[in-house]
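Trainee: Letter by letter, the chains look like this.
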Amino acid sequence: AQSVTQLGSHVSVSEGALVLLRCNYSSSVPPYLFWYVQYPNQGLQLLLKYTTGATLVKGINGFEAEFKKSETSFHLTKPSAHMSDAAEYFCAVKRWEGGSEKLVFGKGTKLTVNP
Amino acid sequence: DTGVSQDPRHKITKRGQNVTFRCDPISEHNRLYWYRQTLGQGPEFLTYFQNEAQLEKSRLLSDRFSAERPKGSFSTLEIQRTEQGDSAMYLCASSPEGAATYEQYFGPGTRLTVT
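Just so you know, the protein sequences line up as chains A and B, in that order.
For the first sequence, position 105 (counting from the first letter as 1) is numbered 105 according to this note's numbering, and the numbering increases by one without interruption.
For the second sequence, position 84 (counting from the first letter as 1) is numbered 84 according to this note's numbering, and the numbering increases by one without interruption.
It is possible that part of the hints are untrue.
[Said to hold, decoys possible] Computed cross-link-like contacts, DSBU-like style, restricted to lysine-lysine with a CA-CA straight-line distance of at most 30 Å:
id, chain 1, residue 1, chain 2, residue 2
1, B, 14, A, 107
2, B, 11, A, 110
3, A, 107, B, 11
4, B, 14, A, 49
5, A, 107, A, 49
6, B, 57, A, 107
Calculated directly from the structure, the hints in this document are not laboratory data.
Isolated chain A, as found in the complex (with noise of 0.2 Å):
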């Protein structure tokens, strides 16, 4: 079954540094794998995903990620951290099973822009 593991569940950064959330999956067919960002007392909004063709896709807010398969990885970067980036980041990966099909979400990194 498809799942996703996110390492570290705080990530702090100074304003204008490098951005680098980390996600790794888990699955036995080609995976769909989506970021999210998630603002205090807010839903979730789409930042980027991934189904088929290039391997590098670029997001909203000068986000982007990059899926390697020979690493089971799908993370999320920015060169240029900006205060308005704070928020809590997650990955999913989509599941289906018997007609059905839902999220599995990892339990999200809290980033911190520091000025």
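Following the hints, put chain B in place on chain A, whose structure we already have.
Mentor: The following block gives chain B in isolation, referenced to the frame of chain A:
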């Protein structure tokens, strides 16, 4: 397209009371999902509707929980005899019929506090 809406945004109730939440998906999205998110965790799948048919219920959805989607439009999630462990954010999401590559669009959530 006004996005997924949920009502109420916040609900405080006493243990043992019944509560009902509503979700209005993006119009013409025939797939609807409910998730539960507790503090410090990623969202966990509760149930999935395709049109009015409830195709999957998680084992997290005990007998006290019931969800409906009459006429395949809005959905309601009812919790009977609430317990303190039910305190969480309840998220609704929708997606269109068609390609499996479509992402899920999330609403702002309903935060439930059981005292």
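Trainee: Run every hint past the structure and note whether it holds.
Mentor: Each hint tested on the structure:
1. Only pairs whose Cα atoms come within 30 Å are accepted, and residue 14 of chain B paired with residue 107 of chain A is accepted, the gap being roughly 28 Å.
2. Between residue 11 of chain B and residue 110 of chain A the alpha-carbon distance is near 25 Å, which keeps this suggested pair within the 30 Å criterion.
3. Proposed proximity of residue 107 of chain A and residue 11 of chain B is supported: the alpha carbons are some 24 Å apart, at most 30 Å.
4. For the hint linking residue 14 of chain B to residue 49 of chain A, the alpha-carbon distance of about 40 Å lies beyond 30 Å, and the restraint is violated.
5. At roughly 18 Å between alpha-carbon atoms, residue 107 of chain A and residue 49 of chain A fall within 30 Å of each other, so this suggested pair holds.
6. Between the alpha carbons of residue 57 of chain B and residue 107 of chain A the distance comes to roughly 21 Å, so the proposed pair stays at or under 30 Å and holds.
When held up to the earlier numbered hints, the structure conflicts with hint 4 and nothing else.
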